[in-house]
Amino acid sequence: MQFRAFLFDLDGTLIEHLPAIHRAYVHTLPRLGLPAPTYAQVKAAIGGGLENALRKFIPVERIPEALAIYRPYWDATMLEGVEPMPGALPLLADLHARGAQLAVFTNKLGTSSRLICDHLGFSPYLSLTLGAHDTAWLKPDLAFTTHALTRLRADPATTLLVGDSPFDVQAATNAGFPCWAVT
Numbered sequence: 001m002q003f004r005a006f007l008f009d010l011d012g013t014l015i016e017h018l019p020a021i022h023r024a025y026v027h028t029l030p031r032l033g034l035p036a037p038t039y040a041q042v043k044a045a046i047g048g049g050l051e052n053a054l055r056k057f058i059p060v061e062r063i064p065e066a067l068a069i070y071r072p073y074w075d076a077t078m079l080e081g082v083e084p085m086p087g088a089l090p091l092l093a094d095l096h097a098r099g100a101q102l103a104v105f106t107n108k109l110g111t112s113s114r115l116i117c118d119h120l121g122f123s124p125y126l127s128l129t130l131g132a133h134d135t136a137w138l139k140p141d142l143a144f145t146t147h148a149l150t151r152l153r154a155d156p157a158t159t160l161l162v163g164d165s166p167f168d169v170q171a172a173t174n175a176g177f178p179c180w181a182v183t
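Numbered continuously in the numbering used here, the sequence shown closes out at residue 183.
Check before you lean on any hint, since a few could be wrong.
Cross-link-like lysine to aspartate or glutamate pairs, in silico, DMTMM-like; alpha carbons within 25 Å at most [stated by the list, open to error]: (1) Lys-43 to Asp-94; (2) Lys-56 to Asp-141; (3) Lys-43 to Asp-141; (4) Lys-43 to Glu-61; (5) Lys-43 to Glu-65; (6) Lys-43 to Asp-164; (7) Lys-56 to Asp-164.
Simulated from the structure, these hints should not be mistaken for laboratory data.
Turn these sequences into a full structure, and let the hints guide you.
So this is what it looks like as structure tokens:
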């Protein structure tokens, strides 16, 4: 099978961003009177979007309060220490040169994802960067995947999702195409 469209997860797939995410949680939770989470706790919580991850640390009714602390800090610091995974940029360049449609398909906030992709030099190779709050959906919702494919004008029969989480595998499974899981 020859793939013509590639949907890439961002965190843990194209970039290493967990240290910055952990710093943002360490900044936020103590300001809510809660203990700072460990790196392992944050790693285990993320993947399903910020609001869903926060639910693992705080009651749902405190999420707006947490977001009011987290988001300004995140906006000011998210590019500090963000690194592409080894080989990510050459891979995107090579696939793009071969005529593939490439997209970042993430549960990270879409505006943040686009800034990160610009910062790391990914954007010239991408047809689309789609993330949280760009639509009403998140991975693994079939509607989110269908929306991405529609925007790319991609055929599921020639699409591959590359990701590192169960959300990625489930999103691809729901849409009927393969997912290559990376760690």
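Review point. Looking back at the numbered hints, which does the structure fail to meet, lowest number first?
Key: 1
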